Structures are given as C-alpha cells and as structure tokens.
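Enquirer: What follows is each chain in one-letter form.
There are 2 protein chains.
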Amino acid sequence: MNMDYYRNTHGLDDGNNNYKSQDESPKFGIMFDIDGVLLRGKTPIPQARDALQLLMDERGERFVVPTVFCTNGFGLKEVKAATLSDKLGVEVNPDQIVMSQSPLEMFHDYHDKWCLVSGPDHDGGSVKVAKSLGFQKILTIEDVRKAYPYLDWVDRARWPQETVDDDHEFPAIEAVVLLGEPVRWETNLQLILDVLLTDGKPNRKATMKKGTHLPVLAVNMDLLWMAKAPTPRFGHGAFLVCLENLFKKITGEDLEYTALIGKPSEVTYEYSQKLIEEIATSLGAPHLNTVYAIGDNPLTDIYGANMFNKFLEKKKRELAHKKEDVEKQMECQLSSSPPSLFHEPSAPCTELTDCCEAVTSNGHIALNGDITNVRGVRRCSSILVRTGVYQPEPEAEDSDEAETLVDHGHRDLPYTPEITRPDHIEDDVKCAIEKIFKIEKWPGKKCALQSS
Amino acid sequence: MNMDYYRNTHGLDDGNNNYKSQDESPKFGIMFDIDGVLLRGKTPIPQARDALQLLMDERGERFVVPTVFCTNGFGLKEVKAATLSDKLGVEVNPDQIVMSQSPLEMFHDYHDKWCLVSGPDHDGGSVKVAKSLGFQKILTIEDVRKAYPYLDWVDRARWPQETVDDDHEFPAIEAVVLLGEPVRWETNLQLILDVLLTDGKPNRKATMKKGTHLPVLAVNMDLLWMAKAPTPRFGHGAFLVCLENLFKKITGEDLEYTALIGKPSEVTYEYSQKLIEEIATSLGAPHLNTVYAIGDNPLTDIYGANMFNKFLEKKKRELAHKKEDVEKQMECQLSSSPPSLFHEPSAPCTELTDCCEAVTSNGHIALNGDITNVRGVRRCSSILVRTGVYQPEPEAEDSDEAETLVDHGHRDLPYTPEITRPDHIEDDVKCAIEKIFKIEKWPGKKCALQSS
Chain A
18 MNMDYYRNTH GLDDGNNNYK SQDESPKFGI MFDIDGVLLR GKTPIPQARD ALQLLMDERG
78 ERFVVPTVFC TNGFGLKEVK AATLSDKLGV EVNPDQIVMS QSPLEMFHDY HDKWCLVSGP
138 DHDGGSVKVA KSLGFQKILT IEDVRKAYPY LDWVDRARWP QETVDDDHEF PAIEAVVLLG
198 EPVRWETNLQ LILDVLLTDG KPNRKATMKK GTHLPVLAVN MDLLWMAKAP TPRFGHGAFL
258 VCLENLFKKI TGEDLEYTAL IGKPSEVTYE YSQKLIEEIA TSLGAPHLNT VYAIGDNPLT
318 DIYGANMFNK FLEKKKRELA HKKEDVEKQM ECQLSSSPPS LFHEPSAPCT ELTDCCEAVT
378 SNGHIALNGD ITNVRGVRRC SSILVRTGVY QPEPEAEDSD EAETLVDHGH RDLPYTPEIT
438 RPDHIEDDVK CAIEKIFKIE KWPGKKCALQ SS
Chain B
18 MNMDYYRNTH GLDDGNNNYK SQDESPKFGI MFDIDGVLLR GKTPIPQARD ALQLLMDERG
78 ERFVVPTVFC TNGFGLKEVK AATLSDKLGV EVNPDQIVMS QSPLEMFHDY HDKWCLVSGP
138 DHDGGSVKVA KSLGFQKILT IEDVRKAYPY LDWVDRARWP QETVDDDHEF PAIEAVVLLG
198 EPVRWETNLQ LILDVLLTDG KPNRKATMKK GTHLPVLAVN MDLLWMAKAP TPRFGHGAFL
258 VCLENLFKKI TGEDLEYTAL IGKPSEVTYE YSQKLIEEIA TSLGAPHLNT VYAIGDNPLT
318 DIYGANMFNK FLEKKKRELA HKKEDVEKQM ECQLSSSPPS LFHEPSAPCT ELTDCCEAVT
378 SNGHIALNGD ITNVRGVRRC SSILVRTGVY QPEPEAEDSD EAETLVDHGH RDLPYTPEIT
438 RPDHIEDDVK CAIEKIFKIE KWPGKKCALQ SS
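As given, the protein sequences belong to chains A and B, one line each in that order.
Just so you know, my numbering puts the end of the first sequence at 469, numbered straight through with nothing missing.
Just so you know, my numbering puts the end of the second sequence at 469, numbered straight through with nothing missing.
What the hints contain is simulated information worked out from the structure, not anything from laboratory work.
Hints are not guaranteed to be accurate.
Stated by the list, open to error - For each label pair, taking beta carbons as the anchor points, the in silico distance ranges come out as:
(1) T180/A x D74/B: 53 to 61 Å
(2) K163/B x K59/A: 34 to 42 Å
(3) D126/B x T180/A: 40 to 48 Å
(4) G151/B x K148/A: 28 to 36 Å
What the hints assert, rightly or not - Below 16 Å or equal to it, Euclidean Cα-Cα: the simulated EDC-like pairs (lysine to aspartate or glutamate) are:
(5) K345/B x E330/B
(6) K265/B x E435/A
(7) K265/B x E261/A
Quantities reported herein were computed from a predicted structural model and do not represent experimental measurements.
The beta carbon of each residue, even a glycine, is placed where N, CA and C say it ideally should be.
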C-alpha cells in the first residue's frame with residue numbers, strides 16, 4: 018500500500034500525527050461490506066452517507082477512524098473507490114479498498130505462469146484486473162475460444178461458418194484463475210472443464226489423471242448477493258456450484274481448489290486487517306484492539322469475522338507455544354545462536370506475502386513459520402445489518418428461524434449455525450456505527466452525533 | 018401421425034401394400050440415433066449414406082424396412098428431416114422423426130397452462146417448437162426478463178439504464194418446460210429458479226413451500242454429445258446438472274421432475290415404437306418382432322433400449338396377471354358385466370395419450386390401467402457404434418474398462434454397468450445394418466449388398 022498517497026490525500030503530511038496522543042486515538046477500526054450495507058446495486062442505502070460522515074473529521078473531508086471497505090465485488094479498486102466517493106459523497110481512497118481478488122497480489126508463484134482467467138467484463142474487465150494483481154501471462158476464455166474454435170458448442174449462432182484450424186502455437190495453460198461470475202456461463206464452464214481435463218491443452222483428448230488437475234484459484238464464493246430485485250441474485254458462488262458439480266458429474270471426482278479467496282476466507286481478513294493497521298498507523302492510532310466488520314450476509318461477513326477470530330486465537334496459542342519451544346531450545350543450546358522462528362512483534366512482516374505461502378482450499382493460511390503478522394488487533398467483532406441479504410421475518414429473529422436454515426456457504430467451508438451468528442444485529446449501517454461508538458465510548462464528532 | 022402424407026410421399030397410395038405377403042415382409046424395424054451415428058455436427062458420417070441406402074428400394078427412393086430416426090436433438094421435425102435428406106441424399110419424411118421433445122404432444126394437461134419455456138433458438142426456436150407440440154400459453158425467458166427487469170442480474174451490460182417497472186399484468190407461470198440447452202445459462206438458471214421459488218410470480222419474495230414446486234417437464238437428459246471437437250460437448254443434461262444443484266444449494270431440497278422426456282426415458286421408446294409400428298403397417302409389414310436401436314451413446318441409446326426391454330417384459334407379466342385377475346373376477350361375478358380393464362390386442366389405443374397419464378421422474382410411464390399399447394414388438398435390440406461418444410481404447414473394449422466408469426446418466430435414472438451393455442458393437446452404422454440383415458436373414462437389395 019502506498020501510504021504517501023494516503024497521507025497526502027488525507028492531509029497528514031504536515032509531520033504531525035492526526036491524534037496528538039495515543040490516548041485520544043481510536044482503539045478500533047471498521048471494515049465495511051459494500052453491497053447491501055452501503056449500496057444496493059448502484060443505489061446508495063439511505064443511511065450510508067450519514068454513517069460514513071460519523072467517521073470523518075468535522076469538515077467531512079477525511080476519515081478519522083481507521084476504515085476499510087472490503088467487498089466480494091470484482092474490479093479495479095480505483096473504480097470502486099470512485100463509485101463509493103460519487104454515490105456516497107465521501108472521499109474514499111483506493112487504498113482503503115479490498116476487492117475480492119486483492120489477496121491474489123500475494124500469489125507470486127502464479128504471476129509468471131500461463132493462467133486462464135475467467136471473470137466479468139465490467140469495472141476494468143478481467144484482464145486489466147489480473148494485470149493489476151501482477152499476473153503477466155493472461156489467457157482469456159475468448160482467447161481459448163479463438164484458438165480452439167470447436168470447443169464452445171452450445172450457441173449454434175457462434176459455430177464457425179467455415180472449417181478453421183486450431184492454433185497449434187497456443188500456450189499450454191498452467192493454472193485457472195476464477196475472478197468472478199462471467200457472462201455466458203456455458204462457454205466458461207465448458208472451456209474451463211476442457212482445460213482441466215486435458216491438463217491445459219483443450220484440443221487434446223482428456224489426459225487428466227485421477228486426483229490431479231491444474232491449480233484452480235477462485236475468488237468470491239458468494240452464492241447470492243442483494244441487488245435491486247426482491248430476492249438475492251446469483252453471485253460467483255453460483256457459478257462455482259455449476260463448475261464443481263459438472264466436474265464431479267463428468268470426472269466422478271471433486272474439484273479441488275488451490276485457493277479460495279474473498280470473504281469469508283481468512284486470507285481476505287488477514288489482508289484487510291493488515292491494511293487497516295497500516296491506515297491506523299498513518300493516522301497516529303497504531304494500537305487497535307477491535308475491528309468491527311459490518312455486513313449484510315451471515316454466510317460471508319459474519320462467518321468470515323467469526324472464522325477470523327478463531328484464527329486469531331489459534332495463532333496466539335501457537336505463538337505462545339512456539340515461544341516456549343524456542344526458550345527451551347535456547348536453554349538446551351546455550352552455545353549456538355537462537356533460531357529465528359519468528360520476528361519480534363515490533364518488527365512486523367513488511368509484506369503479507371512474506372508470511373503467507375498459500376491458502377488451502379478450506380481457507381486456512383499456511384504460514385512460512387511466521388505468525389507475527391497477526392499484530393495488535395485482538396478481536397474482530399461482527400455487526401449484521403438488515404438492509405441486504407439478511408432480512409428475516411421480525412418475529413423469527415430471536416428464534417432458531419433467524420439462523421440460516423439452508424447452508425448457502427461454499428462446499429469447502431464447514432457450516433455451523435454458531436459461525437454465522439453476529440455479535441450484534443442493527444437495522445442499518447448508521448445504527449451499526451452508533452452502536453460501535455457506544456461500545457467504544459467514542460465521542461464521534463458533535464455535529465454528526467447531534468444529527469443522529 | 019398423418020399416414021396419408023407418408024403413403025403419398027412413398028407412393029403407397031395405389032391401394033396395394035408394399036409387401037405382397039406378410040411372409041416376405043421384414044419382421045424388424047430400425048430406430049436410428051442421429052448425432053454420432055449418421056451425422057457429426059452437420060457433417061455426414063462417411064458410412065451413413067450407404068447404410069440408409071441398404072434400407073431402401075432398388076431405386077433408392079423409399080424405405081422398405083420400417084425406419085425411424087430418434088434423436089435427443091431439439092427442433093422441428095420438418096427441419097431435421099430436411100437436414101437428413103440434404104446431408105445424406107436420402108429422402109427422410111418428417112413423420113419418421115422423433116425429436117427429444119416429441120412425446121410432449123401427449124402432455125395435454127399442460128397445453129392450456131401458462132408454461133415458461135426454456136430452450137434453444139435454432140431449428141425453429143423454442144416457441145415454434147412448443148407451439149408445434151400443442152402448447153398454447155407460452156412464456157419465454159425473454160418475456161420474463163422484460164416483465165421483471167431486475168431479475169437477470171449477472172450481465173451488467175444488460176442492467177436497465179433507467180428505472181423501470183415490473184409488468185404487473187404478467188401471468189402467473191404454472192409450469193416450467195425445459196426443451197433443450199439455452200444460451201446464457203446464467204439467465205435461464207436464475208429466472209427458472211425465481212419462478213420455482215415464487216410459485217410462478219418471480220418478482221415476489223420466495224413463497225415455495227417445502228417439498229412443493231411448480232411442475233417441471235424436462236426434455237433431453239444427455240450430459241454430453243459428440244460434435245466436432247475431440248471430446249464430447251455439453252448437452253441439455255449439463256444444464257440440468259446446474260439447475261438441479263443450484264436448486265438444491267439454494268433450497269436444500271431436490272428438484273423433482275414431473276416428467277423426464279427423451280432417450281433413455283421409456284416414454285420416448287414407447288412413442289418411437291408406436292411410430293415404427295404405424296410405418297410398418299403402412300408398408301404391409303405389420304408384425305414386427307424386433308426393433309434394432311442403433312446409437313453411439315451407451316448412456317442414452319443402449320440404456321434406453323435395455324430399459325425399454327425391461328419395461329416390455331414387465332408389462333407382459335402385468336398383462337398376464339391382469340388377465341388372470343379379470344378371469345377370476347368374471348368367474349366370481351357371473352351376473353355382472355365384465356369390467357373393461359383392458360382393450361383387446363386387436364383394438365389398440367388410437368392415441369398414446371389415451372394410455373399415458375404421466376411420466377414419473379424416474380422415467381416410468383404411469384398407465385391409465387391400459388397396457389395394450391405394447392403390441393407386437395417383442396424386443397428392442399441395441400447396437401452401439403464407434404463413430405460418436407463411445408470410443409474406447411481398442412484393448413479396453415473386452416475388459417471392464419470398456420464400461421462407463423463414471424455415471425454420465427441423469428441423476429434420476431438408476432445406473433448399473435449391465436444397463437449400458439449393448440447387444441452388439443459395430444464400427445459404424447453400415448456395419449450395424451449388415452449385422453442386422455445377417456441376424457434377420459434379410460436379403461436386402463442386391464445392389465446395396467453387392468456394393469458393401
């Protein structure tokens with residue numbers, strides 16, 4: 018993250034921190050979901066502008082509470098920041114944005130491999146987004162269609178009119194990157210399966226050996242999301258349901274993801290956490306205890322926050338155990354240098370990639386023995402709002418009915434009713450902010466609080 | 018079927034039957050699959066023309082062996098007959114064609130209901146095809162999109178530019194008819210699910226009660242079919258896999274089909290059987306013992322033929338039992354009139370609809386107590402050819418490897434390796450015809466046999 022840009026934009030380049038003393042600074046940060054919390058489709062949710070104003074200075078020019086916007090949406094973060102700024106009348110910086118695909122920045126191993134990229138065309142399009150993440154050898158579904166003109170066969174209007182040859186120079190595909198829901202699902206489903214079944218050479222007969230297929234990195238598991246219709250609409254998770262089940266039906270085996278990225282995967286929360294801590298540091302508020310995650314989707318925002326809490330607790334236990342081990346080793350090997358198993362908390366990873374080797378299909382981060390990227394934040398507290406996907410009947414809210422009766426989460430993410438239970442439920446995002454201020458005894462800014 | 022048309026076309030309107038005596042007439046009929054047997058995409062399979070010539074008179078003008086073409090393809094049978102005639106240089110009559118959707122002619126109960134029709138646009142398009150089957154109140158996916166502009170939400174390029182109202186006069190949908198694989202699967206999948214979840218009013222919130230949803234009639238279960246690519250391509254069965262799994266994921270319940278139509282469902286074999294017997298009768302060859310089903314897909318053509326054999330046997334047993342029961346009842350109730358539980362074999366159903374009330378989701382025909390539509394044909398014998406979907410490694414053919422290791426059949430059709438085992442395997446359709454002639458000791462026509 019380019020903090021200079023942030024500082025310049027936020028007028029923090031005067032050599033003084035925003036907060037004169039750390040006692041005055043907020044001990045909390047806020048992680049907003051966007052769709053169903055701040056916007057619905059392209060329309061602002063009525064309370065969103067007021068809610069964001071509560072987090073800004075008295076002139077309404079800059080955020081004074083560390084704030085990130087973490088969406089399972091697709092696109093360039095510059096586009097999303099501009100949309101939010103435009104729709105909500107509040108200046109949002111691209112560096113406050115976590116798009117679903119943002120953590121792919123860390124997957125350096127794939128950046129120089131020939132990747133088949135499947136995804137949407139809007140907000141920059143999949144090629145531009147993949148490039149922005151560091152991918153250098155990008156092949157699109159359209160590239161594959163053109164190279165192998167007899168593969169995409171559902172739409173007869175697109176059958177070649179004359180006999181055409183395959184492009185025998187077309188590179189062998191080495192990995193599949195699923196950035197979001199495409200259009201013409203039949204085309205993407207067919208071509209992705211062809212690539213997987215043929216180990217990247219889709220004009221050959223199937224060569225895939227049992228239990229092995231090319232790496233698949235998938236971003237955004239949301240089955241449904243709340244747009245303008247009265248019921249939620251298909252998200253990328255719905256496309257993945259089709260892909261997984263067609264793969265299973267055709268091969269008899271389970272599709273295995275090399276990585277699942279986007280909320281509720283831990284890698285996305287860790288990435289967001291790091292971002293919010295960097296923002297907090299730049300505001301002179303380096304000691305955050307709690308990050309509040311405000312979302313509308315129990316299976317995404319709440320599940321993710323709760324999973325991340327478990328992850329934080331586990332990592333703290335592991336850190337304690339490792340410290341004990343190291344101390345024991347040091348006692349035993351007094352003459353040799355102590356092994357460098359972890360950085361001191363005062364020397365955090367400069368890049369998440371240093372710490373994070375891979376994200377497994379169950380969403381767990383495999384760390385390179387380094388766990389100190391989990392720094393100050395002790396807890397992720399979740400607040401569910403009623404302006405999006407979550408809209409139970411009022412009388413059902415306090416009963417078991419309020420729980421998601423059908424598991425709309427991803428196949429690979431274990432579901433229990435507890436894991437989707439929020440710490441708080443509020444009507445809308447403004448109520449959520451006011452709740453946070455009350456919990457944190459944060460004065461907010463007078464004008465905003467007065468107007469509420 | 019309009020037999021006058023058939024007679025006129027075939028020059029049988031002279032008052033004489035084709036065969037002077039029934040002893041000379043063939044005791045067999047042939048049921049061809051089309052894709053992978055006679056054509057591959059739009060290209061004829063080399064042996065197809067010669068094979069069909071073997072079944073025709075010496076001038077090659079008309080079929081002398083009762084022959085039908087039964088495809089899981091979609092479209093108007095007139096279009097398919099014209100394509101076959103054009104590509105294979107043999108005059109095929111539309112009344113020899115069984116399209117995947119043809120048995121829907123019998124589903125009169127749905128013809129005056131508001132049906133959402135999903136399917137392809139080619140070869141007449143879904144509306145024309147549905148009309149040709151008798152449906153009178155047809156609503157398309159495009160109609161639903163226009164009536165409810167906020168439902169189809171994956172392709173942002175198609176989002177409405179300005180605020181638009183739902184069409185509140187749009188009729189409540191009463192059934193869903195799936196005629197074949199559409200394009201833009203995401204649109205059809207979303208709108209079909211919306212219709213099912215809302216009991217036909219897709220701009221409402223979900224109202225579907227557990228275990229109940231609108232009737233769904235689905236045509237053509239083929240997961241894959243062989244076109245020009247080296248590996249088989251998605252068929253309508255692949256679309257159904259997506260629909261079934263999204264329905265399950267979203268509702269937690271199984272999608273239940275009111276009817277599954279097309280090979281290998283029994284209703285399609287029964288329909289084809291009836292057609293071939295009518296053709297045989299018009300040729301003066303009314304006593305068929307065997308129908309040979311020639312196909313390239315073990316899970317469709319062979320499965321269907323074997324299932325139909327089981328059905329024939331079961332029905333014969335049931336007929337025998339019912340006769341016994343009636344005779345017993347008659348003995349007991351000598352004073353009352355005998356109950357009319359079945360027609361005499363000499364008085365067959367004039368319409369299959371008279372016999373067929375509904376086809377259940379496992380493909381079984383529920384008969385109105387009438388089983389005499391199963392008439393002369395005693396057996397359906399299956400011949401698998403190697404020019405389509407079925408292309409095992411030569412050395413694997415005699416081993417277990419030759420069996421389909423992964424079940425590509427429909428979810429609701431029980432699979433065993435035996436059910437996909439053909440009576441014969443031949444290289445191509447011409448070899449298959451020669452095999453049949455040998456079994457039947459049929460002389461064929463000299464010229465054709467000489468040229469073989």
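Enquirer: Each hint needs a verdict: does it hold in this structure or not?
Expert: Against the structure, the hints come out as follows:
1. T180/A x D74/B: 53 to 61 Å: 35 Å, violated
2. K163/B x K59/A: 34 to 42 Å: 21 Å, violated
3. D126/B x T180/A: 40 to 48 Å: Since the Cβ atoms of D126/B and T180/A sit about 47 Å apart, the hinted range of 40 to 48 Å holds.
4. G151/B x K148/A: 28 to 36 Å: 54 Å, violated
5. K345/B x E330/B: 23 Å, violated
6. K265/B x E435/A: Distance of about 22 Å is beyond 16 Å: violated.
7. K265/B x E261/A: 14 Å, holds
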